[in-house]
Every structure is written in structure tokens, then in C-alpha cells.
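Engineer: Using the hints provided, position chain B relative to the given structure of chain A.
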Amino acid sequence: MMRTLLIRGMLVGLAAAALAYVVAWFLGEPQVALAISFEEAKAAASGEMHEHEVVSRTVQETFGLITALIVYGVAFGGLFSIAFAFAHGRIGDFRPRTTAALVALVGFVVIYVVPFLKYPPNPPAVGSEDTIGSRTTLYVTMIVLSLFTTAVALYAGRRLAPRLGGWNAALVAVGVFAVIIGIIYVVMPAVNEVPADFSATVLWRFRLASLAIQLTVWGTLGLLFGGLTDRALGRRTAGAPAAVVGV
Amino acid sequence: MANVVVPSGKPVPLRIPVREIVPWAVFAAVLGLALLYFVGAEQGATSIISGSTVHEFVHDGRHLLGFPCH
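For the record, the sequence lines run as chains A and B.
Just so it is clear: in the first sequence, position 69 is 69 by my numbering, and no numbers are missing.
Just so it is clear: in the second sequence, position 16 is 1016 by my numbering, and no numbers are missing.
Same shape as in the complex, but just chain A (with noise of 0.2 angstroms):
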């Protein structure tokens, strides 16, 4: 059961970098290439000599861009799958799909949503390489305590559903993971190290972009692992006792 699930939760995974790696191509692809000319026009103009390229554009942007896609495809699928696996029956009574779909609306929120907008993705020539370190330590505890929150307002809902009903208990526990995740804003320190002459155009779209390629990641793995665990329990429950109605 659990091996079928994670097998199930990796390859749909592999399905969602395969999408994402479209949607990467038309959206995200053009704003990285206009980032870098204003990047090598910079450094033209401050008299730097060009940068010795390890790795083609041509690699990073097909080779590379697919690897990184899957790799953070199949790694999620795999999680995905085990958050699945904990939440079905647990958050209330619904079918596979249902679950795989809130499960994933979680997922994107919690892990991709909340940390961009304290921590917005930058393209290529935004960002400055001395701070590196603590960036990636704050991006990393922005979904830390993310993930956080969300086990505490879980753990609200899952006491109050008995009182309040399934609807209003989840209603609470969104308002207490809003509360919380809002003095986190506050409290975590803010980082904009965007060169002032860089486009505001090119930096909105890459974000956009980054936000469609996690939408479709996301999407994938909900609605897809949804669909093909509602068809594989369905076959098996429908040899579950059947209700006896007269007519």
C-alpha cells in the first residue's frame, strides 16, 4: 500500500517537471535571458572581464533546467505521497481526490506561497553574492517555520472539529496559521537587494513566472495522484460491503 503510494507519489512527480518544464520554457526562460544581458551590460560597462562559463546557457536552460525540475519534482512527489498517506481519513471524510487535492493546496501554500512573499524569488544580477548564506538560512526557516505553524493550527483544528463541525474548526485553523504566519512576517528580517536600475518589468514577470511553474507543479501532483488513487481504492472498496436499500 505504502510502497504503491510513494512509487505512485514519485512518478506523478516526474509528470508535474514535465509540465513545469513547459510552462519554465515560455514564461520563466525569456525573463532569465533578459536578467543576464542587463547582468553581462553591467559588467561590460564597469569594465569586467566576461565570466568564464562552466556550463553553457544552452545546458542550463534544457539539461540543467529539466534536472533541477525533476529532481524537485520526484523529491516532492515522494513527500506529497506520505502527506497523502497521513491525511486521508484523518482530515476529515472525503474521497482520495478530495484529500490529494487539499493535501496539495497545503503543500503550495505552506511550502512555495508563504515564503515568497517574505522571500520573493530574484532572477539572475539580483542579489548580492556576500549574502548568499544568510538568504538561503532565511529562505529555509521561512518554510521551517511554515511547516511550523501549519502542525500547530492543525493540531487547533483537529481538537475543534468535535465542538465546531468539520467547516468551522478549519476556518479557525486558517485564521491560526494567518495570525501566527503574520507576526512571523514581522519579526523575520527583510532582504531587497534589487540593483536600482533593474527592470521592474522583467523582475514582476520572472516572479509570475516562478509562481506558475510551483502552481503547476502543485496542481499536478494534487489533481493527478488524486485521479489515479480515487481509481485504484475505488477498485478496491467496490467489493466493500454495499448498502441494502428497498424499493
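Don't read these hints as lab results, they were simulated from the structure.
Some hints could be false.
Cβ pair distances, simulated, as ranges [unchecked claim]:
1) 166/A - 1022/B: 22 to 28 angstroms
2) 194/A - 1026/B: 20 to 26 angstroms
3) 1048/B - 166/A: 44 to 50 angstroms
4) 1022/B - 98/A: 35 to 41 angstroms
5) 193/A - 1048/B: 22 to 28 angstroms
6) 1018/B - 189/A: 44 to 50 angstroms
7) 1015/B - 152/A: 19 to 25 angstroms
8) 15/A - 1018/B: 25 to 31 angstroms
9) 193/A - 1018/B: 41 to 47 angstroms
10) 166/A - 1030/B: 31 to 37 angstroms
11) 1030/B - 175/A: 32 to 38 angstroms
Heads up, simulated SDA-like pairs for lysine to any residue below, C-alpha to C-alpha not over 25 angstroms straight-line [stated by the list, open to error]:
12) 118/A - 183/A
13) 118/A - 1070/B
14) 42/A - 183/A
15) 118/A - 44/A
16) 42/A - 1018/B
17) 118/A - 1016/B
Beyond 10 angstroms from chain B on every Cβ pair, some chain A residues (computed) [stated by the list, open to error]:
18) 3
19) 6
20) 34
21) 65
22) 151
23) 156
24) 175
In this text, a Cβ means the ideal position worked out from N, Cα and C, and glycines have one as well.
Structural biologist: What follows is chain B alone, placed relative to chain A:
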């Protein structure tokens, strides 16, 4: 009046026992974190392998997936 058997619309919600999930969860977490580390941080914030080939290879993915890259 005949009694007909119709399948109940809702499949019985099945809970996978936590004991059954945990070993797989540990496996997925270890594998997942190792994979994410190489996409998200290797040869950026920290470095296990020397050089910058890993960083440059996953460069576009790291930027577009939302990680700080450089």
C-alpha cells in the same frame, strides 16, 4: 417489493495505520531532503563538492523554483 443491492456512493474512508507509514516517511524524507539540497543550496550557501558545476548546472531551476541562487 424486492430488495436491491446498490453500492454505497461513498467508499469507506480508509486510514493507513501510522505505524505502516512511518518507515516510508523516514525514507522519503531522507531521500527528498538530499535531493532538494542539491537543487536548492549546494555550491551556493554551502558546498560539499568543490567547484561550481552543480550550481551552474541547476542554475535556472534554482532561480525559477524560488531558491536564493547567488
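Engineer: Could you check that no beta carbon of chain B comes within 10 angstroms of the beta carbon of residue 34/A?
Structural biologist: Since the minimum Cβ distance to chain B is about 13 angstroms, residue 34/A lies beyond 10 angstroms and the statement holds.
Engineer: Test the statement that residue 156/A is away from the interface with chain B: the closest C-beta pair must be farther apart than 10 angstroms.
Structural biologist: Per Cβ check, residue 156/A is outside 10 angstroms of chain B; nearest 20 angstroms; holds.
Engineer: A cut-off of 10 angstroms on Cβ-Cβ distance, and residue 3/A was said to be off the interface with chain B. Does that hold?
Structural biologist: violated, 7 angstroms
Engineer: Is the hinted range of 44 to 50 angstroms satisfied by the C-beta distance from residue 1018/B to residue 189/A?
Structural biologist: violated, 38 angstroms
Engineer: Is the gap between the beta carbons of residue 1048/B and residue 166/A within 44 to 50 angstroms?
Structural biologist: holds, 46 angstroms
Engineer: If I claimed the Cβ atoms of residue 166/A and residue 1030/B lie 31 to 37 angstroms apart, would that claim hold in this structure?
Structural biologist: holds, 34 angstroms
Engineer: The hint says 35 to 41 angstroms between residue 1022/B and residue 98/A; measuring C-beta to C-beta, is that right?
Structural biologist: violated, 24 angstroms
Engineer: Are all C-beta atoms of chain B more than 10 angstroms from that of residue 65/A?
Structural biologist: Violated, because the least Cβ-Cβ distance between residue 65/A and chain B comes to about 4 angstroms, which does not exceed 10 angstroms.
Engineer: Does the structure keep residue 118/A and residue 183/A at a Cα separation of 25 angstroms or less?
Structural biologist: holds, 12 angstroms
Engineer: Does the no-contact call for residue 151/A survive, Cβ to all of chain B over 10 angstroms?
Structural biologist: holds, 14 angstroms
Engineer: Can we trust that residue 6/A is non-interface, i.e. its beta-carbon lies farther than 10 angstroms from all of chain B?
Structural biologist: violated, 6 angstroms
Engineer: Take a look at whether the Cβ-Cβ distance between residue 193/A and residue 1018/B falls inside 41 to 47 angstroms.
Structural biologist: holds, 44 angstroms
This entry does not satisfy hints 2, 4, 6, 14, 15, 16, 17, 18, 19, 21, going by the numbered hints stated previously.
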